[in-house]
Structure formats: C-alpha cells, structure tokens
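**Q** These protein sequences, in sequence, are chains A and B. With my numbering as the guide, the letters of the first sequence map in order to residues 1322 to 1964. With my numbering as the guide, the letters of the second sequence map in order to residues 1322 to 1964.
Worth double-checking, as some hints may not be accurate.
As the list claims (entries may be wrong) - Non-contacting residues of chain B with respect to chain A, defined by C-beta distances greater than 12 Å in every case (computed):
#1 Ser-1340
#2 Gly-1364
#3 Ala-1482
#4 Arg-1504
#5 Arg-1509
#6 Phe-1652
#7 Glu-1930
#8 Ser-1932
Stated by the list, open to error - Calculated from the model, a selection of chain A residues having no Cβ within reach of chain B, i.e. all distances over 10 Å:
#9 Gly-1405
#10 Glu-1661
#11 Asp-1862
As the list claims (entries may be wrong) - Covered, in the sense of this in silico footprint (three residues per stretch, anywhere, with C-beta under 8 Å from a C-beta of chain B), are these stretches of chain A:
#12 1375–1386
#13 1463–1469
#14 1500–1507
#15 1632–1646
Hint data in this document are derived by calculation from the structure and do not stem from the laboratory. For clarity, every value in this text was computed on a predicted model and none was experimentally measured. Note that beta-carbon positions come from the ideal geometry of N, C-alpha and C, so glycine has one too.
Given next are the chains, with one letter for each unit.
2 protein chains.
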Amino acid sequence: MYEITFKIEGGDDAVIFASHGENILELARKANVAIDAPCSGNGSCGKCRVRLLGGEVYSAITRHINDYEYFNGWRLACVSKVSGNAKIFVPDIASAYKNRMQVSDLSSPREIEIFDSLQKEMKAAGLDFGNGYSTFIVEIAPPTLDDTMPDNERLTRTVAARMGKSDVHIRYSLLKKLPNLLRDNNYRLRCLLYGEGESVRILDLFPAEGRTPICGLAIDVGTTTVSALLADLETGKILAKGSTGNGQIRYGADVINRIIEQQKDGGVERLRYAVVHESLLPVIHKMCDDAGVAPERIGCVTLAGNTTMNHLLLGVNANYLRMEPYVPAFFEIAPIFTREVGIDIAPGAKMFVAPNIGSYVGGDITAGTLASMIWNSPELSLLVDLGTNGEIVFGNSEFLMACACSAGPAFEGGDIRCGMRATDGAIEACSIDRETMEPYLTVIGGGKPVGLCGSGIIDVIAELFATGIIDGRGKFARQGERVVYDEYGTGRYILSFAGRTATGREIYINETDIDNFIRTKGAIFSAIMTLLGPLGFAPEDIDRVLVAGGIGSGINVRNAIRIGMFPSLPESKYRYIGNTSLAGAYAMLISDKAARRLSELARGITYVELSTQPGYMDSFIAACFLPHTDASLFPDTDAREEA
Amino acid sequence: MYEITFKIEGGDDAVIFASHGENILELARKANVAIDAPCSGNGSCGKCRVRLLGGEVYSAITRHINDYEYFNGWRLACVSKVSGNAKIFVPDIASAYKNRMQVSDLSSPREIEIFDSLQKEMKAAGLDFGNGYSTFIVEIAPPTLDDTMPDNERLTRTVAARMGKSDVHIRYSLLKKLPNLLRDNNYRLRCLLYGEGESVRILDLFPAEGRTPICGLAIDVGTTTVSALLADLETGKILAKGSTGNGQIRYGADVINRIIEQQKDGGVERLRYAVVHESLLPVIHKMCDDAGVAPERIGCVTLAGNTTMNHLLLGVNANYLRMEPYVPAFFEIAPIFTREVGIDIAPGAKMFVAPNIGSYVGGDITAGTLASMIWNSPELSLLVDLGTNGEIVFGNSEFLMACACSAGPAFEGGDIRCGMRATDGAIEACSIDRETMEPYLTVIGGGKPVGLCGSGIIDVIAELFATGIIDGRGKFARQGERVVYDEYGTGRYILSFAGRTATGREIYINETDIDNFIRTKGAIFSAIMTLLGPLGFAPEDIDRVLVAGGIGSGINVRNAIRIGMFPSLPESKYRYIGNTSLAGAYAMLISDKAARRLSELARGITYVELSTQPGYMDSFIAACFLPHTDASLFPDTDAREEA
C-alpha cells in the first residue's frame, strides 16, 4: 500500500492508502476529494488537472498536458495511476467551478423582468395565485367540568365551524405540543392551514401573536446548475433566490456519464448525496438565512428537473434510461415526504415533482412548457431549451410534441477548452474584422476576459465562418497571426493572447471545439426538423421561437441562424424567455391551478424519441456543416457570399 | 460532589456523581439504574429496597425496614439522601419484576380457549375476517422500443387491469428497487397489496417465487403489562404471542404516579422510551424471532391501551388528564406512521389506536367492549375489567355507559406487601378453617408459595371475614398463632411461615393491605352502583356479568360477592372472558368490519366521570366495609352469620 496525500487548494489535506495501479481520479472520489471531471474520467475533456508535488504517479500521455506543464508536475488525474507514495496538489474545485457553474439566477434586472412577465402571462391566462395555504387565528372555548372534549377535537371543531368546513385534521406530531400550547396561550392560537375542498389540514400551531410565515421552495435541478426560489405561500412573495452548481458535476458533465457512474458500487447513493447535500441543502440554508426564515417553516417543495436528474435526486436507478429501449422508472410520482430524500424541513413537508414525459424530456421541460404559455395560443410555436441538453417542444393550443437532443454541455462552457458560464469575465459577444481577422470582444462585467460562454461561442463560430477563416466543415481555411497549429496539427484561433487575459492564459477556440460545437448545433437543428417533418410543417410555418435555458439572454439569434443552429426566420419571431423550468416550478408552488394545468399538459405532450426516429441520423449528419449541407434551408444567410 | 456507585445485581456497576442531599431513587433514575418503585417514591409501597455496602447515606425511618434489616444495610431508596460517597447494592429489577409482571398471555389452554371463543362470537355476529391485505403474482409485458411506458406505470396498470381496480399506487420507496427487481425477475413479481374500494396500494414487491408474509401486530398496552400477537394478515393466523412488563413501572405502578413523573424535565420522552424501547420493541423482536419473520414484514399495528398509556406511548403530555377538568389531548387519532413513535418495522407501516372515550376509559375498554359482544344482545350486561385500574361498562344493544375507578394495582399484586401476579408460586385460592384458623392454600404450579395474587387476596379476605378473624372494618377481631402485631401495632395474618415459603420470607396480609383492598373493592362496587342508578336499574336487573382483565381466570366469584366487590347475583350470571383488550385489538387487525364497528361503538358509549358524579363519594364510603354498610344489598351472603 502507498500513501497518497491530496493537498487541496484552500482546504485540508486528505490522505488515503492505495494499491499499485489505482486510478488517481477514482481514488480522489473515494477520499471525497472534489476534482473537476466533466467527462467523468474518459480522458476527453482535460479538466481534471492535478499537480504532482512529490513522490510518483504513472500517467499516460495526453494532448491536454504539454511538455512544459508535464515538466512542472501537471497531470490529468483520470489517466494517472498509483506507482508509489505521492503528494498531489488539487486546484480548488470551487474556483474551478466558479466560472462554469455560475448561473443567471434572476440576479440581473433583465432576468427578473423576463421572469415577472412570464408570471403575469400565466396569471392572465387564469392560472392565478391560490394554493390552499393560509393562516387563521382561532379562539377556543376552554374546557369545563361539563365540557371535557379532548384538546384535538376542541381545536378541529372550532376551526371547522369558523371556516365552514366539514373535515379538519390535525397531524399526530402537533398533538405533542397542543396541550401546553393551548393552556399557555389562553386557548388562542395561530393555525397554519392547508385546505383542499371541504378538507383542511392543520400544518402547524403558534401563539396568536407574531407572524410566522408558511414558505415554499421552487427548485430547478439542472444537470449543471441548481436554482431555487423561497416564497411565502400565503402571499406568493419571493423571499430569497439562490443557485449553485450541481454537486454531481464531478461525476460527469452530462447525464450519460452520471448514469454510468451511478451503476458503480454505491453510485446511486453517491449521486443522490452529491445533489441533495452539496447543492440543494446549502442553497436552501443560504436562502433561509437571507430571508430570516427557519427551514422548519418550509412546508412544500416543487421540483423541476430532467428525467435523469429526477431519478438521481430520488435515488432511483437511472440505468435503464440509457439502455435500449430507454425506459425510465417513472414519469409521474405522487408527492413524497421531503425527509424521505434527505431534505429535512417542516415535519410532513411534501415535494411535488413536475412530471417527465420521456426518457430525455423531463419535468424541467413540462414545467417550462407551462411557463412558456405556448399551449395557450393558436400560434405555431417552437420552444427551444438550451442547457446541458437541448430540448425542443413544438405545437400550439391544439397539439404539442417534444424531443431532446444531446446538445452536450457546450452552451454552458463544457466540451470547449476555454468555455465558461455566462458570468463576469465571459466573452459573450464577438465580431471579427474581415480584413485583419482581429476580434472585437464583449466581456461580461467589462474587465479582462476569462473564457468563452455559450452566446460567445455562437458569435465566434459565426464570425470565423463569415470571414472565411474556417470553412463549412469547421477547418481553418485562412492563415494569420491568430491562427496557430499545435504539435498534433490541430488549428486554433486566438481570441485573446495570454498577456491580455484575466488568467494569464491564452483564450482560444480550436478545431476540436468547433467540431464539438458543430455537432451540437447540428443536433438542435435536425431535432427541430424531425419534429416538424411528420406533421408536414416546414420552418416557415413557425410563428415564433421561444429560447429558454442556461444559454442566457446574450444569445445573438442572427448568428445562431447564420451557423445553421436555428431555422432561417425573421429575428422578430425569436424571443428569449429565461429559466422557464424555475418559472414553471414557482407557478406550481403558488398556484394550484397552474399545478393542475401542468399535469394535464404533461399528459398531452407527444414524446418523440429521436434515436429511434427513422431519418434522424441522416438529418443530423446533413446538419453537421456550416450552415447546412442543404444551403437552400438558409437562403438569407449565405455567410460565405457575404464574406 | 460525592461518588455514588450502584452495584447492580447480575449487571455492571453504574457510577454517578451527586451533591449532598440528592435523593437516591432520583439519582438511580438519572443513572438509568432500574429500581422497583410502584408508588413512584412517596414512601408508601416499601418496594424500592437497596442495600448500603459501604460509605454513607442519610435515610428517614420507615416502617418498611425493620431494625435487623437496617443494621444489615437495607434502606428504601426513596427516603434516602446522599451524605457522602456510597456503594449501593441494587437487587435485580428483572427478578423483582418477574413475579409482579408475568402475565396470562394466552399461554394456558384455558386462556386460549376463551380467546378463541370470543373471536368465534365476533365472527358469528358478522365481524368476519377481511382486511384488505393480499398478495398477487403479476406478470408484466417487458418494454419494447414501441412501448416505453415507465416501470411504475407498467406495474400499476397491469395490477389495475388484472384486479379490475381503477386506482393502483406504488410508494416512492419501492421505486428504488423496482427497476432492477423487474429485470432480474423477467418481469414477474409478487406484490403485497392493500386494497380499499377501488384503490389499491402496493406495499412491497418480491420475486414471484417464495412466500413472504404480510404481518400485523395487535398490542394491548396495560399499565402493568404489555401483551401482543403477531398475525399473518392474509390468513389471520396467529404466528407468535408475547408479553412483558410495562417498562414504565419503575416510574410508578399506577397512572397517576406516571403522569406526575412525566411532568418532570424530560419526563414525557423518558416514559415514551420506557414503554417503546424496553417493552414493545423487545416483545416485537422476540415474536419475530419465534415466528421466523423479519420486523420489516410487519405492515400494520393495532394498539389498545388506556387513555394515559396512549398519551405516554405517543409522547403526548398527559398532565391535564389528572387536573380538573380532566381533559385528554385526544380520544381518537388518525392512523400514524409507526416510525413516528420509534417502532421501526415495514416502511410506511401504520398504527391504528383504539379510540378512548374518557380521561380514564381508554382504547383498551372500547376494544374490550367490542370483544365482549355486549353490544350485540338485548341482555343487560356488565363488563368489569379488573387490571391496574377497574373499568366498568354497562348496557346492551340499545345503550352503553362506562366509567373507571382507580382500583389501584391490588389485583396485580401492587399495594399489597406480599402481592404478586397470577403466576407460578402465587397463592391463587385459600380457605381458612373456622376453628383452628389454619389456612388451606392453592399455589399455582404446586410448589412452595412465593406471594399472593389477585384471586388469592379476594379469597383470603373473604375467609378472614367469614371466620370472624377480621371484622367489617378489616381489623383483627380474633387472636391466634397466625395473628401477629408489629411494633406499630399493625396486625397481620400469616399465610405461610418463613420456613415454608419459596423465598424464605414470611407470607402474610396485614391491616394496611386489607384496608387498601377494601378501598379497591369498595371503588368497584360503588362504581357499578353509580352506573346503574341514574337509569333506575338495580343489581337484580343485570342479566350477566363479564369479568375481564389481569385478575385472571382464578377469581372466585362467590368470595368476590361475599366481600361486597361484586353485586349479589347467582354465580351462573358471571363469566370470566380474559384479556378482552388484546382480543379486540386482534379483531381490529384482521377484520375491517370489526375496526369499523369499534369506531361506531366508541362514539356510542356514554362516559361517566365518577369524580364529578354527585353521590359517588358517599356511595364509595358506604362500600368501604365488609361486605357493605347496607347489608340488605348482600342478603344471601351474610358471611358473619355463617361464621
């Protein structure tokens, strides 16, 4: 056995004993040391960089570590094995995540405006506030020798009479505090209630004085990001907002890698723990602190996540989602006690999970469809949710169809060497001078650039193509100071030289990045075409395109069309509508009507499984070109001619 | 601070540090050392004997410890205080309990016969077997690319179709094992189900092969004894029987002392813990071992206990039961999850608590009334349950009234110097020669006597009175070898000299015992009269008297009448019907009809609170005489004349 010491940046050392040949990334996971590994250790992403400070490890050669870096001790953990005692430096995962995991969590005025406008539209369509939660101050006649009715009946009968309801229940756990509470407060209590028809449940009891809110949580569990809202259920008011990275990310950036990870021994529990204990609970406690509310005051949770996230969060084996015939354990699930999944808030608090409708179209999309309002209009609408996966819903008030394509994490900075999320330091827009090939960059926050976010990638590729720097296959076609080739012959375009970035490292996009991205945009476009086709629709029949998700409001639709990601339609038909999954989860929380509408909606959406759809593969291959192998699909945007 | 070491007989030492003046009994409770203290430390029962082995304590003088014993270190813990370091011997509470806590738990053929006959009568009256539990082997069509319905719907729809039900649910926790279970067993599973109308809940899932029972528990939680049955819910078959003492007994033999104890800091939790963890769980695990059934297979529990026991077991403050106007926290309570009270059996298992109807008439009596069948006949019946308390139900198919009297623990051996429960070594019957005053004793098991059980006490007092050894006030009126007076002038009658007993200690009954017992029997008789009076009934209107409870089948009804405990009626009108509380709890468990009948019954019984009943006190005082101050009530049994 050898002694491996992980020296964690900004943290305590972790020591673990290991046998010859054990994989360093696996070992780190065993020792609960967080190493960023979006590809889950298959050597492709190059993000699990660690530095050997002493001792020895055996590492395979990888193109992600150059000779200079190797000489300085840098290794990829996933291709390194134990061959003796070793001291290994692990960069702070928090800072590694910081960029890729920051989220547009309603913190900008623009995002808040979009969120509020969606809520207004839902309300206008009749899904108004009203969720059965209320508080009620009740005065009870004290017992006498002639009236010895027990405390629980005395309370429930009084509430029933005052509210005109036939059926009032009190939970067992409240019985424990009822006798003293009644007598200490002269039989005057404040009741937190949940009513449904004739039935009323007493959720909690307090002295009549004081104001104790009943709160609810709306949570969007994304593959990359967890976002949440804490709301007062009695008024609907948002008390706090919060977001963080999904702690599962170190087991893989995409759902497939995580499903593979959960198949390993103890994996189901490991992935459940990561999202619940490392993401949800910290966000919940942070929001409670911000709002000055105790977690015990949260009586209800709504959750919107994709099908895989829903399985993993509930600790349900997701393996059969990725194996033919791609069958989930569940679409819909009755409300569950939050304590059953390790979320310890109010006793008896329940979690409502937005229903999934397909193996890769989950509750985030059904909740998002609700919030998008496309079901409420005869206009033919396309809802495109661009997060770690790309999901597309097409239809109107008459019909709805949905499909998913594995967009990969490109829009959130994954699978791109210098990728990051749309936050401070991200290059969010770019144009390139046709003559000089010099880029003009827009950086969020205005400082030196750190990396490239989703909207920036679209711009860069559109501009590289428009200027003829790359060809339709994404290969470099022009030479210049900013076009450089590495030892393997892979070309890259330098967006910012090392001396001019915030990190001191060059920011570039290379042919592998471009290739990855072309496949991403090809997947989205071909998915759209595959949804339209069977019903005989062509892109020009689409009345509007609603773009949602992690890509952010910075997206340049014109450029997205120029690279063949979105159909060639007037820009006025496009609208960015933010995090619809969270907007839908919040609507579910505060409006019973919205929750009911969501259930109906989910049952009415036809799921199309692309991987088994004849013709999809051909359509995808045809779309893996800039803008498309069939140029007639992009008549207005022959970028090559413009160039 | 002084160091107090408790040297526990047959156990490990316990050491605790204490201040000058701390009470030794309280200190023992703090150190979790079990000392028998039925009177909960008020100095009256004399059972908390400990022996000072070294060091010092300060003890008040008590008539329970004579000079010889004092010289040998014996003290009452409850009247002893810390005055220095001390080593204190504590007799094994298990053996101390052994006699008082053994129970007639359906182990004798006679008890089994009585139990079976009650069940047959209930069945004959239409309360037949049928409880919604069943098992079902289901074969499910495997998914294909054209049929990708999720696992949970695939299962619930198949079950719904096969059973012709509209509404089949599966619990969240089962989802976790469903995906693998389905595939590992070729989509053929054994489902444990609970059905109610159109709705079916899937409780658990197993491979189709093998036989996994669904079990239920019926529990009678008495003040002194906990008895239980483990049954197969699908067939009703009893798989195991068990009983043990109620672990709360060291906090007091009667309910009042326990309510006082639970008012102390942490007392509610201490009393809940004692009955759940020291009594219920050991009995449950013992029965599971006996039957070869895992606790996780127990999906349902029915519980019958008196009002105080129900409060204390559920951890609900019982204090207001003993304070005017005597108001409980609850009579009825919706089924609760067993895990909420610390009984960890099947996930989602629920406990059904037989409803209370008064502060001192609880679920044991409503369940017992169900089992007694007095509600099913026009005959005017009296049900007398003689346990730690005495409860009386009077009525027929037209009306039912109930009351309770604090019989004290005399019938179970408490409050009587040489008292014990009806088990091996107990004097269960006695006659006394009118001339020689020599007793003829019947000892359970046939060996040397250990003590005196409830039926034996009745016999001894009836015979002492019949022979004129005691007078109507219970004072000694004749002298002889067996009548002895102590230093305080208290007379006693020696039933067995020290040399002839199993313990080597004299077995006797003294004037204090007799006085206690006269008050017990007076309470019962006056309670009966108080129930009859308001409706204008006299004892001779009673068609039958059913005697239930811990007193056991050994009771001599003729003697009970001779001392004025029971009304003067022909012996043929009396019948002993065993533990009706457990019989009723078992009926609730296996028959939904019985459970519904019990709810209706409970609502129909009129509770009479004796303590607030005008005239009860006078009636009680009049009955505290042998046989009664009004001799005309016992015309056939003027024992004095016979003597």
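**Q** Determine for every hint whether it applies to the structure shown.
**A** These are the hints, each one checked on the structure:
1. With a least CB separation of 30 Å from chain A, Ser-1340 of chain B remains clear of the 12 Å interface cut-off, as annotated.
2. Non-interface call for Gly-1364 of chain B relative to chain A: holds, since the shortest CB-CB distance, roughly 30 Å, exceeds 12 Å.
3. Every CB of chain A lies more than 12 Å from the CB of Ala-1482 of chain B, the least distance being 18 Å, so the non-interface label holds.
4. Not every CB of chain A is more than 12 Å from the CB of Arg-1504 of chain B (nearest about 7 Å), against its label as outside the interface.
5. Annotated as non-interface, Arg-1509 of chain B keeps its C-beta farther than 12 Å from every C-beta of chain A; the closest such distance is 17 Å.
6. At roughly 5 Å from the closest C-beta of chain A, the C-beta of Phe-1652 of chain B falls inside 12 Å, breaking its exclusion from the interface.
7. At the 12 Å boundary, the C-beta of Glu-1930 of chain B falls inside the reach of chain A, the nearest C-beta of that chain being 7 Å off.
8. For Ser-1932 of chain B, the non-interface assignment is contradicted: its Cβ lies about 9 Å from the closest Cβ of chain A, within the 12 Å cut-off.
9. With a minimum CB-CB distance of about 40 Å to chain B, Gly-1405 of chain A clears the 10 Å threshold, and the non-interface call stands.
10. Separation of Glu-1661 of chain A from chain B is inadequate, the least Cβ-Cβ distance of about 6 Å not exceeding the 10 Å criterion.
11. At the 10 Å boundary, the C-beta of Asp-1862 of chain A stays outside the reach of chain B, the nearest C-beta of that chain being 29 Å off.
12. Three residues within the 8 Å Cβ limit are the bar, and the stretch 1375–1386 of chain A against chain B gives 0, so the coverage statement is violated.
13. Proximity of the stretch 1463–1469 of chain A to chain B, defined as three or more residues with a beta carbon under 8 Å from a beta carbon of that chain, is established by the 5 residues found.
14. A count of 3 residues in the stretch 1500–1507 of chain A with a Cβ less than 8 Å from any Cβ of chain B is obtained; the coverage claim is therefore met, three being the minimum.
15. Under the rule that three or more residues need a Cβ within less than 8 Å of chain B, the assignment of the stretch 1632–1646 of chain A holds, with 8 such residues.
Violated hints, listed in ascending order, are 4, 6, 7, 8, 10, 12; each of the other numbered hints is respected by the structure.
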